[in-house]
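Novice: Generate the whole structure from the sequences, applying the supplied hints.
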Amino acid sequence: MTNSTKEELASWYDQMLVIRGTEKAAYDLFMTGLVKGTTHLASGHEAVAVGASAALKPEDYVWATYRGHHHAMARGLSPEACLAELMSKETGACRGKGGSMHLTSAANNMMGSYAIIGSHIPMAVGSAWSAVLRKTDQVSIAFFGDGATNIGAFHEAINLAAVWKLPVIFICENNLYMEYTPISAVTAVQHPAADRAAAYSLPRIVIDGNDVLVVRDEVAKAVALARAGGGPSVIECLTYRHYGHSRADPAKYRPEGELEEWMMRDPLKVLRARLVESGVSEDEITGIENAVDAVVKEAIERAKDAPLSDISEAFTDVWADGGMQWRN
Amino acid sequence: MAELITYREAVAEGIARELRRDPSVVCIGEDIGAGEGVFKTTAGLFAEFGPTRIWDTPISEQAIVGAAMGAAMTGVRPIAEIMFSDFLACCWDFIANEMPKVRYMTGGQVSVPMVVRTANGGGLGFGAQHSQAVENWALTVPGLIVVAPSTPSDVIGLMASAVRSDDPVIFFEHKALFATKGEPAPAGHVVPLGKANVCREGTDITLVGLAWSMPIILEAAELLAAEGISAEVIDLRCLVPLDAACVLESVAKTSRIIIVEENPFQGGWGGTLASIVADEGFHDLDAPVKRLAGASVPAPFAKHLEDQVLPSVGATVDLARRLVGG
Ligand SMILES: Cc1ncc(C[n+]2csc(CCOP(=O)(O)OP(=O)(O)O)c2C)c(N)n1
Ligand SMILES: [Mg+2]
Numbered sequence: 001m002t003n004s005t006k007e008e009l010a011s012w013y014d015q016m017l018v019i020r021g022t023e024k025a026a027y028d029l030f031m032t033g034l035v036k037g038t039t040h041l042a043s044g045h046e047a048v049a050v051g052a053s054a055a056l057k058p059e060d061y062v063w064a065t066y067r068g069h070h071h072a073m074a075r076g077l078s079p080e081a082c083l084a085e086l087m088s089k090e091t092g093a094c095r096g097k098g099g100s101m102h103l104t105s106a107a108n109n110m111m112g113s114y115a116i117i118g119s120h121i122p123m124a125v126g127s128a129w130s131a132v133l134r135k136t137d138q139v140s141i142a143f144f145g146d147g148a149t150n151i152g153a154f155h156e157a158i159n160l161a162a163v164w165k166l167p168v169i170f171i172c173e174n175n176l177y178m179e180y181t182p183i184s185a186v187t188a189v190q191h192p193a194a195d196r197a198a199a200y201s202l203p204r205i206v207i208d209g210n211d212v213l214v215v216r217d218e219v220a221k222a223v224a225l226a227r228a229g230g231g232p233s234v235i236e237c238l239t240y241r242h243y244g245h246s247r248a249d250p251a252k253y254r255p256e257g258e259l260e261e262w263m264m265r266d267p268l269k270v271l272r273a274r275l276v277e278s279g280v281s282e283d284e285i286t287g288i289e290n291a292v293d294a295v296v297k298e299a300i301e302r303a304k305d306a307p308l309s310d311i312s313e314a315f316t317d318v319w320a321d322g323g324m325q326w327r328n
Numbered sequence: 001m002a003e004l005i006t007y008r009e010a011v012a013e014g015i016a017r018e019l020r021r022d023p024s025v026v027c028i029g030e031d032i033g034a035g036e037g038v039f040k041t042t043a044g045l046f047a048e049f050g051p052t053r054i055w056d057t058p059i060s061e062q063a064i065v066g067a068a069m070g071a072a073m074t075g076v077r078p079i080a081e082i083m084f085s086d087f088l089a090c091c092w093d094f095i096a097n098e099m100p101k102v103r104y105m106t107g108g109q110v111s112v113p114m115v116v117r118t119a120n121g122g123g124l125g126f127g128a129q130h131s132q133a134v135e136n137w138a139l140t141v142p143g144l145i146v147v148a149p150s151t152p153s154d155v156i157g158l159m160a161s162a163v164r165s166d167d168p169v170i171f172f173e174h175k176a177l178f179a180t181k182g183e184p185a186p187a188g189h190v191v192p193l194g195k196a197n198v199c200r201e202g203t204d205i206t207l208v209g210l211a212w213s214m215p216i217i218l219e220a221a222e223l224l225a226a227e228g229i230s231a232e233v234i235d236l237r238c239l240v241p242l243d244a245a246c247v248l249e250s251v252a253k254t255s256r257i258i259i260v261e262e263n264p265f266q267g268g269w270g271g272t273l274a275s276i277v278a279d280e281g282f283h284d285l286d287a288p289v290k291r292l293a294g295a296s297v298p299a300p301f302a303k304h305l306e307d308q309v310l311p312s313v314g315a316t317v318d319l320a321r322r323l324v325g326g
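So the protein sequences, as listed, match chains V and B. Heads up: the first sequence begins at 1 in my numbering, then just goes up one per residue. Heads up: the second sequence begins at 1 in my numbering, then just goes up one per residue.
Honestly, the hints are just simulated from the structure, not real lab data. You may find that some hints are simply not true.
Reference listing, derived: stretches of chain V covered by chain B, where coverage requires no fewer than 3 residues with Cβ under 8 Å from a Cβ of chain B [what the hints assert, rightly or not]:
| hint | segment |
| --- | --- |
| 1 | 110–116 |
| 2 | 150–156 |
| 3 | 190–198 |
| 4 | 217–230 |
| 5 | 317–324 |
Just so you know, these numbers come straight off a predicted model, no measurement behind them. Backbone N, C-alpha and C fix where the C-beta goes; we use that ideal spot for every residue, glycine too.
Specialist: Right under this line is the structure:
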């Protein structure tokens with residue numbers, strides 16, 4: 001493993017805590033009725049988002065699924081814009097037209113969150129192709145779940161990327177489950193993403209997705225390969241979601257003890273231990289934790305205080321001229 | 001007079017003009033490169049522009065349209081080819097859920113300036129899975145521009161507008177028209193999206209068509225003229241934006257309308273147009289709004305069976321005669 005500075009570790013801890021706190025707030029706000037619809041929390045997956053993001057430049061592209069709060073925030077979306085979007089506010093990332101499942105921060109080249117399983121994987125291939133066409137050295141990442149590896153778009157996309165040697169990295173967040181079904185019950189290989197890589201002449205890479213440093217290092221290798229013209233990589237990150245699939249899911253299908261076991265390897269715990277190991281004092285760590293608490297609290301208040309998005313928003317942004325007119 | 005060109009040649013010419021004009025335009029699709037397309041609608045492109053502009057893909061409709069979309073969102077203007085329009089079903093998620101929604105659902109953060117071109121419709125005896133007219137599929141999705149030209153110069157002029165559009169366009173090229181000939185397009189020819197063409201002026205009845213149905217209704221108008229019935233003929237050119245005003249203006253003059261469409265009556269685009277005319281043109285009408293559409297069956301293989309299910313010149317003339325006489 002490569003070395004990382006105390007400052008790096010601390011900044012990752014800070015980011016992961018912000019994500020964790022914001023999602024906890026989303027959960028609580030849902031319970032009080034301020035967040036409607038559905039949310040898919042990524043608590044437990046933070047190290048994948050923050051670790052991968054740490055290996056990227058700001059101009060690189062990221063594409064996510066409906067479980068994408070962590071990816072949007074890791075790329076720079078503020079907790080306030082995230083929570084405001086969930087609360088249908090004018091200050092929300094998509095002004096209330098996207099919601100939890102479609103968080104997007106195009107200003108950060110976070111190109112969106114997509115809720116049709118697998119659909120964004122070819123799009124990430126497209127932004128990688130675009131970088132080649134425009135002769136930039138931008139890299140693209142598609143994050144997706146284990147369940148997405150059984151849909152056709154996943155295979156079409158990886159094959160095309162491999163044939164064209166495109167600078168794209170396919171990162172699977174293998175959290176063992178689709179919605180309620182264990183991925184192992186419906187997949188002919190043990191590692192749903194990594195074991196398929198060989199079919200496209202790519203190496204089999206399975207890593208601990210709960211260790212931010214491991215993720216950063218592995219993604220950094222893939223990024224370097226991609227920037228050097230070496231083509232795509234598939235990285236399967238083993239991780240676990242702490243909540244159920246969505247707000248409707250109490251996750252009763254999980255065997256007893258499984259959650260507890262994974263909680264011992266909570267990415268925040270793993271990173272906290274690394275901080276201590278690297279000589280950061282308890283005081284400093286508590287300092288970060290308190291500061292993040294304050295940041296999240298302020299984000300909650302500001303999001304709550306913002307007005308709902310204007311009703312005119314329902315009829316804008318269909319077309320490039322901003323409107324919705326389809327006939328004269 | 002300049003030499004006539006075929007509709008097929010016009011497709012390649014329309015694409016080539018945009019590739020020459022704008023270096024950010026690229027083509028992606030199956031067998032479109034050295035193979036020049038199964039309908040030869042990309043003839044000459046690979047030779048002129050090479051593999052960095054004309055990209056041959058595997059048989060992966062989702063990857064073709066999905067990658068084109070990702071590229072469109074990040075500074076490129078892709079023209080994606082889906083070989084037969086029936087195959088749009090294989091990438092329907094991208095057509096129905098992704099391209100048309102992403103601007104809206106991100107609150108206007110992104111644009112999808114891309115064209116999906118596809119060979120649509122019957123007439124060549126390819127059977128049920130290679131002959132359907134599916135322009136109505138695209139019409140059902142808010143957020144897609146839907147273009148279906150009927151002449152070579154319109155192909156070139158509408159291709160220019162489609163490629164330059166910052167909105168996603170489904171561009172239906174008609175298989176049965178590929179071999180037809182027409183006037184070439186002058187340099188810099190651009191036909192705006194959403195502007196219907198009044199191909200023939202008349203006073204007794206309005207005949208509205210799109211793509212394949214244009215030769216049918218133009219011939220019908222000619223036969224009707226010989227009987228003293230003056231038909232106005234409108235080529236919609238686009239379903240979205242829909243030039244409803246042009247149709248309503250015509251009906252205000254003629255008081256009668258027949259909409260001739262190739263896609264099935266069941267869910268066909270004429271239903272949308274008819275509802276607009278019945279509502280907003282109600283006081284101008286002297287006869288019910290009529291639709292002649294494809295039968296609500298899959299496309300049959302045999303020519304004599306296909307003739308039974310598609311609107312014809314004869315049926316158009318008969319119906320017009322009844323409406324005007326009645
Ligand atoms: C094409 C499609 N089929 C089914 C669904 C319903 N669905 C939503 S999430 C989900 C499970 C996805 O599992 P996975 O890819 O492992 O992602 P995770 O939720 O675990 O992050 C399913 C089946 C969908 N959104 N899209
Ligand atoms: Mg999963």
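Novice: Output the indices of the hints that this structure fails to meet, ascending.
Specialist: Hints 3 and 4 contradicted; others consistent.
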